Each structure stands twice: as C-alpha cells, then as structure tokens.
Amino acid sequence: MDEKQTELKKIIMDTKTLPTLPGVINKLSALSDNDKSSVQEMARIVSSDQVLSARILRLANSPSYGFYRVSTISNAMILLGVNVVKSLAISSSIFEVMEKNSVGLWEHSLGTGVVSNMIAKKLGLPECEEIATAGLLHDIGKVIISLKCSEAEFEVRRIIDEKQIYMWEAEHEILGTDHAEVGCWLAKSWFLPDKLTEPIACHHNVEASANHRIKTSVVHMADVLIKASGFGDSGDSFVPLIQQAAWDALKLNEQIIAELVEELEDKLVEVKNFSLELQQDCDAPSP
Amino acid sequence: MQKIPLMTAKAGMILARDVFRSESEIGIPICGKDTELTDTLIARLENLKVQSVYVEGHPVWEEGDRGLDDMLRDLDSRFAKVRQDPLTAKLHDIYANYLKRSMGESGGRKTD
Chain A
217 MDEKQTELKK
227 IIMDTKTLPT
237 LPGVINKLSA
247 LSDNDKSSVQ
257 EMARIVSSDQ
267 VLSARILRLA
277 NSPSYGFYRV
287 STISNAMILL
297 GVNVVKSLAI
307 SSSIFEVMEK
317 NSVGLWEHSL
327 GTGVVSNMIA
337 KKLGLPECEE
347 IATAGLLHDI
357 GKVIISLKCS
367 EAEFEVRRII
377 DEKQIYMWEA
387 EHEILGTDHA
397 EVGCWLAKSW
407 FLPDKLTEPI
417 ACHHNVEASA
427 NHRIKTSVVH
437 MADVLIKASG
447 FGDSGDSFVP
457 LIQQAAWDAL
467 KLNEQIIAEL
477 VEELEDKLVE
487 VKNFSLELQQ
497 DCDAPSP
Chain B
1167 MQKIPLMTAK
1177 AGMILARDVF
1187 RSESEIGIPI
1197 CGKDTELTDT
1207 LIARLENLKV
1217 QSVYVEGHPV
1227 WEEGDRGLDD
1237 MLRDLDSRFA
1247 KVRQDPLTAK
1257 LHDIYANYLK
1267 RSMGESGGRK
1277 TD
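Top to bottom, those sequences are chains A and B. First residue of the first sequence? That's 217 in the working numbering, and the numbers climb one at a time after it. First residue of the second sequence? That's 1167 in the working numbering, and the numbers climb one at a time after it.
Just to be clear, a hint being listed does not mean it is correct.
[To be verified] Over 10 Å on every C-beta distance to chain B, these chain A residues come out as not near it, computed from the model:
{"id": "1", "residue": "LYS220"}
{"id": "2", "residue": "THR222"}
{"id": "3", "residue": "MET229"}
{"id": "4", "residue": "GLU257"}
{"id": "5", "residue": "ARG274"}
{"id": "6", "residue": "CYS365"}
{"id": "7", "residue": "TYR382"}
{"id": "8", "residue": "SER453"}
{"id": "9", "residue": "GLU470"}
{"id": "10", "residue": "GLU481"}
{"id": "11", "residue": "PHE490"}
{"id": "12", "residue": "GLU493"}
[What the hints assert, rightly or not] Using 30 Å as the maximum straight-line C-alpha spacing, the simulated DSS-like pairs for lysine-lysine come out as follows:
{"id": "13", "chain 1": "A", "residue 1": "LYS243", "chain 2": "A", "residue 2": "LYS404"}
{"id": "14", "chain 1": "A", "residue 1": "LYS379", "chain 2": "A", "residue 2": "LYS220"}
{"id": "15", "chain 1": "B", "residue 1": "LYS1247", "chain 2": "B", "residue 2": "LYS1215"}
{"id": "16", "chain 1": "A", "residue 1": "LYS243", "chain 2": "A", "residue 2": "LYS379"}
{"id": "17", "chain 1": "B", "residue 1": "LYS1176", "chain 2": "A", "residue 2": "LYS337"}
{"id": "18", "chain 1": "A", "residue 1": "LYS467", "chain 2": "B", "residue 2": "LYS1266"}
{"id": "19", "chain 1": "A", "residue 1": "LYS467", "chain 2": "A", "residue 2": "LYS338"}
{"id": "20", "chain 1": "A", "residue 1": "LYS337", "chain 2": "B", "residue 2": "LYS1169"}
{"id": "21", "chain 1": "A", "residue 1": "LYS379", "chain 2": "B", "residue 2": "LYS1256"}
{"id": "22", "chain 1": "A", "residue 1": "LYS467", "chain 2": "A", "residue 2": "LYS337"}
{"id": "23", "chain 1": "B", "residue 1": "LYS1256", "chain 2": "A", "residue 2": "LYS338"}
{"id": "24", "chain 1": "A", "residue 1": "LYS252", "chain 2": "A", "residue 2": "LYS226"}
{"id": "25", "chain 1": "A", "residue 1": "LYS467", "chain 2": "B", "residue 2": "LYS1215"}
{"id": "26", "chain 1": "A", "residue 1": "LYS220", "chain 2": "A", "residue 2": "LYS364"}
{"id": "27", "chain 1": "B", "residue 1": "LYS1199", "chain 2": "A", "residue 2": "LYS483"}
{"id": "28", "chain 1": "A", "residue 1": "LYS338", "chain 2": "A", "residue 2": "LYS379"}
{"id": "29", "chain 1": "B", "residue 1": "LYS1215", "chain 2": "A", "residue 2": "LYS338"}
{"id": "30", "chain 1": "A", "residue 1": "LYS226", "chain 2": "A", "residue 2": "LYS337"}
{"id": "31", "chain 1": "A", "residue 1": "LYS411", "chain 2": "A", "residue 2": "LYS252"}
{"id": "32", "chain 1": "A", "residue 1": "LYS338", "chain 2": "A", "residue 2": "LYS226"}
{"id": "33", "chain 1": "A", "residue 1": "LYS220", "chain 2": "B", "residue 2": "LYS1199"}
{"id": "34", "chain 1": "B", "residue 1": "LYS1247", "chain 2": "A", "residue 2": "LYS483"}
{"id": "35", "chain 1": "A", "residue 1": "LYS483", "chain 2": "B", "residue 2": "LYS1169"}
{"id": "36", "chain 1": "A", "residue 1": "LYS338", "chain 2": "B", "residue 2": "LYS1169"}
{"id": "37", "chain 1": "B", "residue 1": "LYS1199", "chain 2": "A", "residue 2": "LYS467"}
{"id": "38", "chain 1": "B", "residue 1": "LYS1176", "chain 2": "A", "residue 2": "LYS338"}
Keep in mind the hints are simulated off the structure, nothing from the lab. No experiment lies behind these values; they were computed from the predicted model shown. Glycine is no exception: its CB is placed at the ideal position from the N, C-alpha and C atoms.
Bound conformation, chain A alone (with noise of 0.2 Å):
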C-alpha cells in the first residue's frame, strides 16, 4: 500500500504535468514577502495578466464572496486579501479545467465556499474570505486525481456506483490515499498557507486538525450542508457524517443550523445563475 501511495505522489507530484502557475505568482509571491511593497504595486502584476484578472474579478463578484460589483483588481485585493487573491490566481488555472470538464464538482466547490462564507458570518468569525477560499479549495484533490489518474478515477466511480460508498473510501480501495491527502500534497506543493492547507488535508477528519481547527470545521459543515442540500456534484451523493469535534468546536446548536438551511436554499439559487452564466461563457467561445 505504501509503495502504491508513493508510486501515486510520483505521478501526481510530476511536475512536468501539474497544471502551471502563471508567472505573475512568483512576482506577487515577492511582492507580498516584502512588507514595504503596496497593494497597488501588486495589482499592477496581477492586472499585466488578462486572464487572470477576469478569473480574479468573476471570483471575487461571484456569490462566495458577496462583494458585488467590484471591478478593480486593486479593490478586490482589499476586500479578499493578498493572501486570497494569491490563491485565487494559483487556483485559476485548476478552476478552468473543472469549470469545463466537471460541472458538478465545480457547483460543489462552489456551493461549499458560500456556505463556508455563511458559517463563518454568521457565527462572527474572523478571516471570512480566507474560509470562503478554503471551501472553495477544499476538493482540489478531486480535480488532480481526474487530471493526472483518469483511469483511477473510472475504477474510483465504478465501485463507488457498486457498492454505494463514499468517494473517500472508494478512493482508499483504488489509490490508497483520497482527495484530502492529494489536495494536501498539491496545496504543500503550491506554498498555500497552513490555514487554506489544513482545512484542505482535514475536512474528512477535523480531529486531525491542529492549527486551524475552526477554519477546518467550517469548511467540514459547508462540505456536510451543501451535500444535504443535494446542490451540485461531488462524487457520491451521500452526506457525510457530522463530526462531534466540528460541532464542538463551533458551538453549534439547532437553530444556528436551521437558520443556516434557510439561508444557504435562498442563496443557492443564486450560485445556480453564477454557475450558468459561467457555462455560457464557456460555451460561448466553442464553435
């Protein structure tokens, strides 16, 4: 098994594969280590690459965030943060293919960044738009399995169809690691900071979270709601269970989550026509 985990980071961790990152990261990487640079200085990077500013501004007015109408790059890096805006930028270039190949993983990436923005307002939080992006990012692993293991992931949902079980679990039987690990490698990798990684690498298992153990648990409720709600696709259909220590850990009760469910069913719609209008854009340019 040992072998076979090894064998597979080999393959994931194939730097020749892994979807790039565009130039600007390391500039903006340099920018943000240095504390006398501006925000302005660092737009200006960010702005140099057209594509990246789209991706930037559709997320930062996309219903994660619930800035409306921000229109600059500069604006968006003060309302998200460096730090989001930085990740954003590493993860366009893993979005774009999903936003195309898996519209269902997308909406669930999606569906579970709003919520996670949701959690965290309503329980007073701080760091809002760092959760949103955790949620946003915590099923990357799916994406690179599908890129880099297609084969794998056939296997993978075949047995999940058969045997009516968790796609972490089929992922055990077929890879030997799952989606959190292989987003953990791949968010290590990408120099993510620990409180994108870990919530990344532990939304199966919060307990397994040190340092960022609200972040991971928010992230794990978002993941738990938006499968209850049946929104999008992530790979199985079934609802996690609720972990004791994610509860713990917020505090919550009943009501929060009832209150919670109204909010995120009104807000989904919203996410649908985000996410439509997207697969237009998509589809626009194809002859």
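Add chain B to chain A, keeping to what the hints say.
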C-alpha cells in the same frame, strides 16, 4: 411562490415580491410585486444586475425538480448512511421540515 434565477424568468410570469436593486431589501423597489414580466422588463432587470426574482406559483420545473414526496425521498437517500447518528439525523429533520414548509405554499402535500 418560487425564487428563480433571472436567467430562467420568462415573459408572462408574475412577480410575487418587490424587486430591489441591491441584495439587501432597503431602498426603493425597482419593480413592484404583481407586475407581469415582459422581455423588455427582464432585459432591464438583467442590466441592473438583478440575480433572482420571486414569482407566483411554481413555474420553473427544472430537470430533476420534483414534487415534495420525491424531494423527501431523495433527502432520505442522501442521508441513508448517517441516519443513526444523532447529530446528522438532526440535520435531516431540519431539512425535511424546511422542504415541507417551502413546498407547502405551492400545493405540495403537507405531512407531519
């Protein structure tokens, strides 16, 4: 009453709630309830970046959009693995109640 994405709105539908310019329900409504939608009006709302509207009845039936009984059955199958867990079972009951309430208005069957 049904909340629908503006993209699926069609001429002839009747607004069930006032439409506001921003997300929050403060300020002056840009279009009052009971107004019948027309293509021009829909285009105008689109220009004003309105995301969704509430319309009378349940006019939009998407593929996979079903009556209450089917929705509850789907809910049960989504929760099939976790019904024994007390916490997750709570979420199931909250969702089932929500569905019964929201579908109740549009002629869905009311059950306990």
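Hint check:
no.	hint	result
1	LYS220	holds, 26 Å
2	THR222	holds, 31 Å
3	MET229	holds, 32 Å
4	GLU257	holds, 30 Å
5	ARG274	holds, 14 Å
6	CYS365	holds, 26 Å
7	TYR382	violated, 8 Å
8	SER453	violated, 6 Å
9	GLU470	violated, 6 Å
10	GLU481	violated, 7 Å
11	PHE490	violated, 8 Å
12	GLU493	violated, 7 Å
13	LYS243(A) / LYS404(A)	holds, 19 Å
14	LYS379(A) / LYS220(A)	holds, 22 Å
15	LYS1247(B) / LYS1215(B)	violated, 41 Å
16	LYS243(A) / LYS379(A)	violated, 48 Å
17	LYS1176(B) / LYS337(A)	violated, 34 Å
18	LYS467(A) / LYS1266(B)	holds, 27 Å
19	LYS467(A) / LYS338(A)	holds, 12 Å
20	LYS337(A) / LYS1169(B)	holds, 23 Å
21	LYS379(A) / LYS1256(B)	holds, 26 Å
22	LYS467(A) / LYS337(A)	holds, 14 Å
23	LYS1256(B) / LYS338(A)	holds, 19 Å
24	LYS252(A) / LYS226(A)	violated, 38 Å
25	LYS467(A) / LYS1215(B)	violated, 37 Å
26	LYS220(A) / LYS364(A)	holds, 15 Å
27	LYS1199(B) / LYS483(A)	holds, 20 Å
28	LYS338(A) / LYS379(A)	violated, 37 Å
29	LYS1215(B) / LYS338(A)	holds, 25 Å
30	LYS226(A) / LYS337(A)	violated, 39 Å
31	LYS411(A) / LYS252(A)	holds, 24 Å
32	LYS338(A) / LYS226(A)	violated, 41 Å
33	LYS220(A) / LYS1199(B)	violated, 62 Å
34	LYS1247(B) / LYS483(A)	holds, 27 Å
35	LYS483(A) / LYS1169(B)	holds, 10 Å
36	LYS338(A) / LYS1169(B)	holds, 23 Å
37	LYS1199(B) / LYS467(A)	violated, 40 Å
38	LYS1176(B) / LYS338(A)	violated, 34 Å
The structure is inconsistent with the numbered hints 7, 8, 9, 10, 11, 12, 15, 16, 17, 24, 25, 28, 30, 32, 33, 37, 38, although it conforms to all the rest.
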